[in-house]
Structures are given as structure tokens and as C-alpha cells.
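> Spelled out, the chains give:
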Amino acid sequence: MNNLQRRALLLAPLGLAAIGGASFWTLLRRMDKGTYDPRGIPSMLLDKPLPRFSLPGQSPSQGFASADVVASGRPALINFFASWCIPCVQEAPVLMALKRQGTPIWGIAYKDKVDATSGFLQQYGDPYTRIARDEPGTVAIDFGLYGVPETYLVDRQGIVRWRWAGGMTDDIARQSLAPLLKSLA
Amino acid sequence: MIPELGHFALALAVAIAGAQAVLPLWGARARDARLMATAPALAIGQMLALLAAYGCLIWSAVVDDFSVANVAENSNSLKPLIYKITGTWGNHEGSILLWCLILALCGGAVALFGRTLPSSLRARVIGVLGFTSAGFLLFALTTSNPLDRVWPPPIDGRDMNPLLQDPGLAVHPPVLYAGYVGFAIPFAFAVAALLEGRVDAAWGRWVRPWTLAAWSLLTGGIALGSWWAYYELGWGGYWFWDPVENASLLPWLSGTALLHSAIVVEKREALKIWTILLAIGTFSLSLCGTFMVRSGILNSVHTFANDPARGVFILGLLALVIGGSLLLFALRAPVMSATGIFAPISREGALVLNNILLCSICAVVLTGTTYPLFAELLFGAKLSVGPPYFQATVFPLAVPLFLAMSLGPVLPWKRAELWPALLKLWWAALIAAVVGTAAYLGLRASFAAVGFAASAWLIFGSLAELVERTRLFRAPFATFRSRVAAQPLSVWGSAVAHAGMGVTVAGIAGMSLAVSTIVAVHPGETVQLGGYDWTLLALRDDQGPNYTARVADIRVTRNGDDVVTFHPSRRMFTVQKSSVTDTAIQTNGLRDLYAVLGEERDDAAVLRLHVNPLAPWIWFGALVMAAGGVLSLADRRLRVGAPARRAAGVKAGIAS
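Which chain is which? The protein sequence lines are A and B, in order.
Going by numbering that gives the first Met the number 0, the first sequence opens with residue 0, and the numbers climb by one from there.
Going by numbering that gives the first Met the number 0, the second sequence opens with residue 0, and the numbers climb by one from there.
Just chain A, same shape as in the assembly (with noise of 0.2 Å):
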């Protein structure tokens, strides 16, 4: 081994340690974006057309089916949500300030009782175009559900294209979310 050789080999391990601090880095900025989520399983909707589904109504909100969404021929979401869940409570600002901003969200109460969800709404706001019941909680199983609150973006196609499990924060709101509404618009 020449000199040269043994000095590149005596250099191989800086190497190595960059590339793992290269990589820990980008894995850190894309977990302050939210983009990579060390715990999160992505959804199996990702890229697919929205499951079919038809569901009754909380009155007086009239229910919907998938097909609704995809005929209102905007970007929508839809949020699962449930009187009993407190990540709901404490995400439900943020989708009133995303109604504000024009957004339509198609609610889906998930296994929840008729009163408990109308005091919710009451007690938190009515972020939603319209509100449907998942009492059973069928419809949630067909999506792929990980838990209440979630979020699913649905193109003007019916096509899902983003999912947030979990409470939505404003952080989440303005920096995955916007960019995606704003594409999509």
C-alpha cells in the first residue's frame, strides 16, 4: 500500500461520519417540516382514488357520499374527528382558520354518539361543509384509519394526495398543507 493509498484509507472514516451527519441532517429538516415522521405509518389511500362510501347525516347537516366530494370539483379535505378525542379540541382552530381561509372540509364523526357530537360542535365550532356519521365506523376502516383526529386531502379527481395523522397544528397547516392547496387549486 502506497502512501497516498493509506492516507485515503485513514480518511475513509471522516467519510463515513459525514455521510451519516449528511443524512441525520437532511432527516432532521424534513422532520421540522414535517415531512418525515419517525413514528407515522403512511396511509395506503396515498395516490388512490377516494374509497366509496355514502353516509347519513348529523343533522341538520345533510350526510354525504364519496361521490359529493368529487362533484364539488374543488380540493377538499376530510377530517375524521369525535367528541371524545382531545387532540379534536385542540386541532379545531386550526381547521376554523382553514374554513376561513376558503378551504371546504367534509366532517366525518367517528363512532360517536348524535348529542355528543352536536355539544362539540357547539362547545369548538363548525369548521365543516358538511358533516356526516361514521357511527359504525365502517367508512374509517375502508380509509385505513389510524386514529381520530385525520386528515385526508382529495384533488378535484377524487385522488388522495396528502394525510396527516393526528392533531393538525398551524406549523402543519401553513407548511405542508398551504403549499399543496395552493398546487392543486
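The set of hints was computed from the structure by calculation and includes no laboratory data.
None of the values given here were measured: they were computed from a predicted structure.
Glycine included, every Cβ here is placed at the ideal spot set by N, Cα and C.
Any given hint could be a false lead.
What the hints assert, rightly or not - Some but not every residue of chain B turned toward chain A, in silico, with C-beta under 8 Å: (1) Leu194; (2) Leu276; (3) Gly310; (4) Val311; (5) Leu316; (6) Ala318; (7) Leu319; (8) Ile321; (9) Phe328; (10) Ala329; (11) Ala332; (12) Pro333; (13) Val334; (14) Phe373.
Unchecked claim - Computed beta-carbon distance windows for the label pairs: (15) Gln89/A to Asp541/B: 31 to 37 Å; (16) Gly322/B to Val88/A: 43 to 49 Å; (17) Gln390/B to Pro50/A: 37 to 43 Å.
We have chain A already, so just place chain B on it with the hints.
This is chain B only, laid out in the frame that chain A set:
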């Protein structure tokens, strides 16, 4: 007032560490004896400041000062005193401070016990430790200060995660951290040697006791963690290949390699560059182990708050410490040259083989642990790497390692013949073969059979080495006695440590034969498992200091004879509103009966029952290994200029 004093002490420690990073290194470069002489004083000053800061944190926790955010979030007035104290390191901020404290203790130990070191080497070692300290203290002070106040203070604290309110976990972090951080000393010696541009036998002799102390503590720390997981988590397993567990195993593997390669440097002045790299690598792995898991980047059962901002700070620090030392390595290592020459079959050769195998295991574990990250990065794929990968890659590499472990110590230095060495071990090989064959015929389980054979080979191989060295059975008794006395303690130490590995391997092989079941049982019903009859006698409520409990009384009999009546329970902690299972374990040293109480439905309780053969041997073996390390540490040959410094070295083993 007290928290402010602590805060001040912490800030003072940062300042002293800064000085410690600059003055001695500069002094060593400029050959200025006065500047170099500041090193020990600064190291001891930093140690005292941090002891004061940590004392203030403990004080705040003990007197329930809930105006301290860390105490409010992790303690509660009802928490038993012992957990108020140990709770200070049961959270991110406190554990970082403990980490820094131990690093400062390492610096203090070098200052106190390193008086015989050449002054420039000592100044550089302490300077490098000070540099590292300064970085991590700054991290503690700016992003993770455990002494921050909160206003208005809550009336009572939020209490600690109940899983952590446990004696095993109370002592696990300090021991583990002492192991992790202890490798900072070999690291500092390595960097100092690169700065000096010289590595010789004396260097190897100075590095080895520190490595040995850190290694023993890390062995103990890992064993405690694994034992805690076994009895507290109630999953019936002892090692889950979780990223955080792997993070502690990686420095252990490379640290074990370092321990052995340092012997070659000391005795034969070979493998110098490699040993330097291992010293840097081991501490780097320790750092990654402690800090990468805290950025939340790896998905693990150990939760730390995900905070990417902290992650960036940590990454910067790691880049500075690891990148800096590796850069120095690339620049300065080429000037080192080996002087000792040896044949492939020799003691050195066996130690090289040991290093290759240990580092290979380290590499495959590292690959498996970080692969999910790289898969995400390169292919955008979400995947996890589970136990099958680790079992399939680690065990095939472990078997040749075990083979070499008994063979190495009976080979002479420089040049050896394989056959005479094997002859010395003939009866150990015979026992191993008999045990393996019997286990295979009796159990029809090849993994367990290989494990038991390896275990017998390790234990009896170590014994054979001692018999060989002391000429037992072959020389008159008087010769034997004098030879026993003449053997250095490090010989006993390594034999004990190798045998300890054998005990652990037997435990792992035994655990592969464990049986378990999950059943819903009504009171009065009996379940059969592993040759035992388990009867659920009753289900009842119980009350603890800060929890309520649901207890199951289970009687276990074998062929009608009572074995034990024990009481697994589920504890509901009132403040945190969370519950933990309290596993019932009965051991007779050869097998554990293990019962966990699950949920209850329709008057029936869900019970998980395990019979775990040889389970306690896993941790007992680790304890024996650590004891071997301590025994070796007591060897006065390891310390330069012996008698007066004998006590010091023993103390250093505890303190560092």
C-alpha cells in the same frame, strides 16, 4: 434561591470548561509549563461546580420546589423520597446534566489519578475532555436547563412516568451513563496521542484501565437495562433490538474490541492506528447512542420529546467532536508506525480476529439500526428492521468469536502453533461437544444446542486456561500454589470475564426454549404451561402510596406440589392517570416463572404466563463479566508506578 445557585454553578462550569478546553491545549503546544499546570485545577473546579449544580437540582426535587419546571413536570409531593432523588435523571434535562456531571468526574479523575502522566499528555487529555464538556454544558444550559423556573408554580407536580418509578431504573441511568461517558477518557487519550504524534506501550498502559472501568460499567448498565425491561415492561423478553438498546450495545461491542486491541499496543506496540480509531469510534458511538435517540429521529419504545431544534444543536456538537477527531486522525495517523511484528497464528492474531469479528457485529447492528433512516432517505420507503435480521446476522458472527475467545488466551505471543494450543483445551472441547450433542438430542433445538455448547466451551475453556497456567494436576501442589499466587490479577480477570460471557450465552440459549401463553381465566380455574399448573385463586384491589392496584393471586403447582403463590398486579397511578403492570417472577436460578395480569372482562382476567429456562443467567453472566473487568482493574501492573497508587486506581474504577 437554591435553583438560582445551581443555575449559577452550571454557568460557572461552562466558563471553567471553556478555559479547560483552551489553556492546557495551548500550553502543551507552546510548551508552557504554567499553562499546562492549570489543567488539573480547572478539571477539578469544573467537577465541583457541576456537583454543586446537580446537588441543587436534587435539593429542589427533594423539597418539592414546583417552581422549578423540571421538578413540576416530573415529580409529585406524594412520590417516595428515593424516586424524588432518582427522578432527577429520569427525564431529558436532568439526564443531560447527569451526563455532563459524569464527564466532569472523568476529567477530575484524570486530574487526581493521572499525576504520573507526562505533563503535556495530561494537559492535552484534560483539555480534550474540557472541550467536549464545554460543548455539552452549553447544550444543557441553553436548550435543556433543568433548573429553569416556571411561573406561576403549580400546586403539585405532574409526577414521573410510573414505569420509571422502580429501583432497577433508578440505578440504571447513572451506571449506563458512567459507562458511556467513561469512554471519553480513552477518546481524550487518543486525541491527545494524535496531537502528540506518538503512541507507545506506555500509552497503551495508561489507556487500558480507563477503558476497562468504562467497559465494566457499561456492561453493568446494559445488563440492568435489560433486566429492567424483563421484569418491568412485562413483555417476557430481555432484549428487543430496539434502537435505544442497540445504541448501548454498539459502544459495548467496539469498546470490547478496544479493550483487546489496547492489550496489543501495550504488549507489542502494534495495532496503534487501529486502537486510536477504536477509541474515537467507541466514544462517537456512545455520543450517538445518548443523543441521537433524543432527537426523536429513530422510532423507539423509549420516548423522548421530539424536538428537532435540539436535534440540530446536538448534530452540530457531534459534528464538532466526532468530525474534528476523525479529521485529526486522518491528518496525524499516517505518522504512526507499528514496530511489533507477529504471525497470523499468535495471541496478537487471535486478538485481531476478535477485533474483526466484534467490529463486524458492531457494523451489522449499526446497519440494522440505522437502515430505516437510510431507506427513508434514499428510497422514501417506510420500514422497520426487526429481531429476525439481527438474529440472522449477529449469531453467525458470534459463534466464531466464541471459538476464538477460549483459544486466544492459550496462544503465546508473536508466533504460535495451533495444535499444541488445541491440545491444552481438549477437555473443554470434549465437554462442549458432549453438552451440545446431549442438548440437541434432548431438546431437538439446534439454536439452543449450539448456545449450550458455546457456553460450555467458554466456561471450561477459561477454566482450562487457568489450569494450564497454574499447572494443576501436572505439578506438585506447592508448585501449583506458587503459580496461583504468581498469576497476575488480569489473567484471572480475563478468565472470569470470558466465563461470564459463557454464563450469559447459556442464559440466552435457555431463553430460546421459553414457553408462554395468553389466557382468559376465571378465579378458581387452572391453566397448564411448561409442566406447571397455574391456578388463579382470586382477584382483589390494593392501595399503594401514589397508586391503586388490582392484584391477582396465582398459585403454581407441579405434580400437585406447591411451587409458589405469587401476585402479579396492575397499578393505576393517580396523578399521571396511567397504569403499569407489575410482573410476578419466581426464580429458582434455573428457570423463571413469570406472570403478568392484563385486562379483565366478564369476571375473567387475561393472564400472560411464561416459563423462562435459565433466564437469570443472562444478567448474572453480565455481572460476572463486569466483575472480571474490576478484577483486572485491580491488577497493579495496569498502573504505572504501583504501590502508592494502588488505592487510587480502585477508587477511579468506581468514580469514572
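> For which of the previously enumerated hints does the structure constitute a violation, in increasing order of number?
The structure conflicts with hints 1, 5, 7 and 13, although it agrees with all the remaining ones.
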